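A.B. asks: The primary structure of each chain is shown beneath.
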Amino acid sequence: MNSDFAKPPDITTMEEVQGIETENATPEDLADAVNSLIPLIVGLLEFKLDNSREGILQTVRPVLDRLIEERSIEDLPKMATAIAKILPEAIEAEIRLNPQAIAKAIAPEIALSIKEQILLDASAISQTLGPEMGKAIKTQIELERDAMVDALYPVIGTTIAKYMVEVVQDINSRVEKTLSFEGIKRKFKAKIQGVSEAELIFKESVGYRVRAIFLIDKDSGLVIQEIQIPGERQLDSDMLAGMLTAIRSFANDCIASGSELDAIDYGDWQIPIEVAGYCYLAVIVAGEPPREFITKTRRVLGEIVMEHDEAIQNFNGNLADVPVAIRTKLEQLTEVKQHQPQKSSAPLLLWLLIFLLGIVLVPWGVNSYRARVAHRIEQSTAIQLDTAPELSVYRLDPKVQQGKLILQGRVPDQYLRDRATTIVQGIADQNKLQMDNQIVAVNVPASPILIIGEMQRLTKLFNQQPQISIQTTYQPQTLTVQGVVLNESTRQIIGEAFKQIPGVEQVVFNLDQQLPIVKQRIHFKSGSEELDFADNFSKINAVKTILQQHPQLSLKLVVHNDGVGSSVVNQRLSQKRCQSVKTALVARGIQADRLITNCNLLFSAKNKDNGQGTWLKRYVSFEPFIPPNLSE
Amino acid sequence: MSTITQKICLLGDFNVGKTSLVRRFIEDQFSDRYLSTVGVKVSRKSVEVRTTTDIHQLNLLLWDLEGNTKFKSITPGYLKGASGSIIVADLSRTDTLQSLHQHLELFLEVNPQGKAIIALNKADLVPSEKLAQLLENCQPSNFPGILGIYPTSAKTGDRVEQIFQELAEVLISPK
Numbered sequence: 351m352n353s354d355f356a357k358p359p360d361i362t363t364m365e366e367v368q369g370i371e372t373e374n375a376t377p378e379d380l381a382d383a384v385n386s387l388i389p390l391i392v393g394l395l396e397f398k399l400d401n402s403r404e405g406i407l408q409t410v411r412p413v414l415d416r417l418i419e420e421r422s423i424e425d426l427p428k429m430a431t432a433i434a435k436i437l438p439e440a441i442e443a444e445i446r447l448n449p450q451a452i453a454k455a456i457a458p459e460i461a462l463s464i465k466e467q468i469l470l471d472a473s474a475i476s477q478t479l480g481p482e483m484g485k486a487i488k489t490q491i492e493l494e495r496d497a498m499v500d501a502l503y504p505v506i507g508t509t510i511a512k513y514m515v516e517v518v519q520d521i522n523s524r525v526e527k528t529l530s531f532e533g534i535k536r537k538f539k540a541k542i543q544g545v546s547e548a549e550l551i552f553k554e555s556v557g558y559r560v561r562a563i564f565l566i567d568k569d570s571g572l573v574i575q576e577i578q579i580p581g582e583r584q585l586d587s588d589m590l591a592g593m594l595t596a597i598r599s600f601a602n603d604c605i606a607s608g609s610e611l612d613a614i615d616y617g618d619w620q621i622p623i624e625v626a627g628y629c630y631l632a633v634i635v636a637g638e639p640p641r642e643f644i645t646k647t648r649r650v651l652g653e654i655v656m657e658h659d660e661a662i663q664n665f666n667g668n669l670a671d672v673p674v675a676i677r678t679k680l681e682q683l684t685e686v687k688q689h690q691p692q693k694s695s696a697p698l699l700l701w702l703l704i705f706l707l708g709i710v711l712v713p714w715g716v717n718s719y720r721a722r723v724a725h726r727i728e729q730s731t732a733i734q735l736d737t738a739p740e741l742s743v744y745r746l747d748p749k750v751q752q753g754k755l756i757l758q759g760r761v762p763d764q765y766l767r768d769r770a771t772t773i774v775q776g777i778a779d780q781n782k783l784q785m786d787n788q789i790v791a792v793n794v795p796a797s798p799i800l801i802i803g804e805m806q807r808l809t810k811l812f813n814q815q816p817q818i819s820i821q822t823t824y825q826p827q828t829l830t831v832q833g834v835v836l837n838e839s840t841r842q843i844i845g846e847a848f849k850q851i852p853g854v855e856q857v858v859f860n861l862d863q864q865l866p867i868v869k870q871r872i873h874f875k876s877g878s879e880e881l882d883f884a885d886n887f888s889k890i891n892a893v894k895t896i897l898q899q900h901p902q903l904s905l906k907l908v909v910h911n912d913g914v915g916s917s918v919v920n921q922r923l924s925q926k927r928c929q930s931v932k933t934a935l936v937a938r939g940i941q942a943d944r945l946i947t948n949c950n951l952l953f954s955a956k957n958k959d960n961g962q963g964t965w966l967k968r969y970v971s972f973e974p975f976i977p978p979n980l981s982e
Numbered sequence: 050m051s052t053i054t055q056k057i058c059l060l061g062d063f064n065v066g067k068t069s070l071v072r073r074f075i076e077d078q079f080s081d082r083y084l085s086t087v088g089v090k091v092s093r094k095s096v097e098v099r100t101t102t103d104i105h106q107l108n109l110l111l112w113d114l115e116g117n118t119k120f121k122s123i124t125p126g127y128l129k130g131a132s133g134s135i136i137v138a139d140l141s142r143t144d145t146l147q148s149l150h151q152h153l154e155l156f157l158e159v160n161p162q163g164k165a166i167i168a169l170n171k172a173d174l175v176p177s178e179k180l181a182q183l184l185e186n187c188q189p190s191n192f193p194g195i196l197g198i199y200p201t202s203a204k205t206g207d208r209v210e211q212i213f214q215e216l217a218e219v220l221i222s223p224k
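Just so you know, the protein sequences line up as chains A and B, in that order. If you want our numbering, it's the 1-based position in the first sequence plus 350. If you want our numbering, it's the 1-based position in the second sequence plus 49.
Just so you know, the hints here were simulated from the structure itself, not pulled from any lab data. Here the structure is a predicted model, which is why all the values come from computation and not from measurement. Each residue gets a CB set at the ideal place from its N, CA and C atoms; glycine is no exception. Hints are not guaranteed to be accurate.
Derived CB-CB ranges, DEER-like [said to hold, decoys possible]:
1. A/490 / B/82: 29 to 35 Å
2. B/179 / A/432: 51 to 57 Å
3. B/104 / A/426: 56 to 62 Å
4. A/559 / B/143: 52 to 58 Å
5. B/143 / A/443: 52 to 58 Å
6. B/179 / A/492: 53 to 59 Å
Partial list, derived from the structure: chain B residues whose beta carbon lies under 8 Å from chain A [stated by the list, open to error]:
7. 52
8. 53
9. 88
10. 89
Sequences and hints are given; from them, build the entire structure.
C.D. replies: If you want it as structure tokens, here you go:
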């Protein structure tokens, strides 16, 4: 403390002040006076402070307020300057001493002042707070992890949910296509790679996209050619290529000399690297590029190196010298990224396969179905034909072809053909098929056995009629009728009847209209009933021949006597003689019933005297007749 | 006007000011704080080079390599394909001046056609009379195949732009 201030203040000065006040001076005068007095007052206050703090406060308080107020009105800048100097320190001191109070004082205005500042300079606040935000969030996470999760969930949760919904939809559609070509391919892939199918589906759903492609000089790290996908944030190719090259060099030199760095993974990004010749290819890909893409990258790089190796080797940093073809080649890789061609190529392949299979299978299916139906119809037709007894012996082949029911085979006549037609027509109508009857009615030569049988039957039938005695013989196509038919009209009927026999073309008649005359007489010795064979042998044989020639013919044996002797004797002799002739004929194979003996009647020769003696009077004669049919 | 990109390496012992030279050249800034470069840092700056016939845009890709120490030499792989290099020494440390030869040889070994320029950095730290003496010891004739030797100061920016520009002009001119 200054020694001047320690002294008691000058009494006269005090009095002067009081004097001014009492003399009712103008406020200006007063202020001037006060100004000049300030050092004194300060000194006084300091002194007084030491002695009586309370007293001095009491004295100064009423005047100090006014003093500052008036001073502020009078010269605001000066006052501000005066206070400004001590203000920071004052605040600092106050914060140190009484932080709560300061906080309380400033608090209501902070929000407002920040707002005001944002209005004045929008970026200033964010620039100020920006760097601290990261730390602040980090700290907050350390302190209250759950609260942060809750706070961020509505934003991040929705984003993730939205993304996941899309992915899940995609997964769904892929799962639905499990049995598609792609699905089956995926199943195989999963088995081969030993990963779950779900993982593969997820990878496919998330997909990948090429962001940029760089062809980089292997040594210098200069970009020879670059392709960046429009719409993406453009990458600084030079820097990126430089750093990639540095990383490669580092890896080659320090980690594994001789081997190559083939990919860099960075979060969701992948940078597959393919090296060839004097350059390498780095592709910046978002997501998981499939194996095929890497293979394609390799192929494209191979082609570039093959074709432009010299240009790449001589690359001096001038992009103008780089062949345009390289760019064209690299653009092939961006095409893949669309994922679309690849996606569409699989279904295309699938459709092609289905189409090809269709070409083969559909006609085959239709054909085999038709064949089955046709076979069924054929079978039922065959069965129906078989059940008709008259047709069952003939081989008839029903065939279904091009909407037609074709019937092939041979039958002996038109009747059987019509019969088959009727049966088959029914089936054809039922199946809406056209009937094509190709059955041939063949003119079969009738069986000789049947003809002869029929001929014999007719012959027998005619022979049962009176006045008819016929025999028939059959040589192929010609039927010969022999015998006796007394009536001309009957002969015509017989002819017609035989012509009706199938196989008989011609009927030849060899008929007699009269009964054959049997003029033979068998003579006997007088009084003898014995047949004199020496005499009558030829006659008996002749009779036998006649009978054999006319099987229908019967003979009545008529006996004559010479009238010598008693009638009793003659009658007995006549009977015996009749019997002898009959016996002789039967002995020669003539049926007994064809020979009727009527020997009870006595026929005596009337001409007794014709000079020939009695020998001629004793004989048996024959009367031919056709006996009525006994069987009927 | 054509745009050409060239790779330039900065070589030298550790803490000679390679990174500072690059920073001064690219950002025109300087910091006293020493940050050791790990591996390599790649930066880029475009410069215009006027020849008698044309104006060329030259993209300089600056490979600021990790300074070598007696424990660790620089990776030769980083030098490959460089067209030019700036070999840096610290005027205040004579041992760094002595290893200039070694760096130059290494660079020319990897890039026989490469152009090199020597920057004697931290010239601001050396009193002018001592500087003259030091420069006398480092004559261009002692370093076959270099473009020149220049005292530089990344701190003041003295001759920094100049060395890069000179290198750029040499690189653009037909060989």
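A.B. asks: All the hints need checking, so say for each whether the structure fits it.
C.D. replies: Outcome of the hint check:
Restraint check, residue 490 of chain A to residue 82 of chain B: a C-beta distance of roughly 30 Å satisfies the suggested window 29 to 35 Å. One distance hint, 51 to 57 Å for the beta-carbon pair residue 179 of chain B and residue 432 of chain A, holds here, with the actual separation near 53 Å. Under the hint 56 to 62 Å, the C-beta atoms of residue 104 of chain B and residue 426 of chain A, about 60 Å apart, fit the expected range. Between residue 559 of chain A and residue 143 of chain B the CB atoms are about 56 Å apart, so this pair conforms to the stated range of 52 to 58 Å.
Judged by the Cβ atoms, the range 52 to 58 Å given for residue 143 of chain B and residue 443 of chain A holds: they are separated by roughly 54 Å. As the Cβ distance of residue 179 of chain B to residue 492 of chain A is approximately 54 Å, the hint placing it in 53 to 59 Å holds. The interface hint given for residue 52 of chain B is met, as the beta carbon of that residue sits about 6 Å from the closest beta carbon of chain A, less than 8 Å. With a least beta-carbon distance of about 5 Å to chain A, the hint placing residue 53 of chain B at the interface is held under the 8 Å criterion.
At its closest, the beta carbon of residue 88 of chain B sits 6 Å from a beta carbon of chain A; the interface hint therefore holds under the 8 Å criterion. The beta carbon of residue 89 of chain B comes within 5 Å of a beta carbon in chain A, closer than 8 Å, and the hint placing it at the interface holds.
The structure agrees with every numbered hint stated previously.
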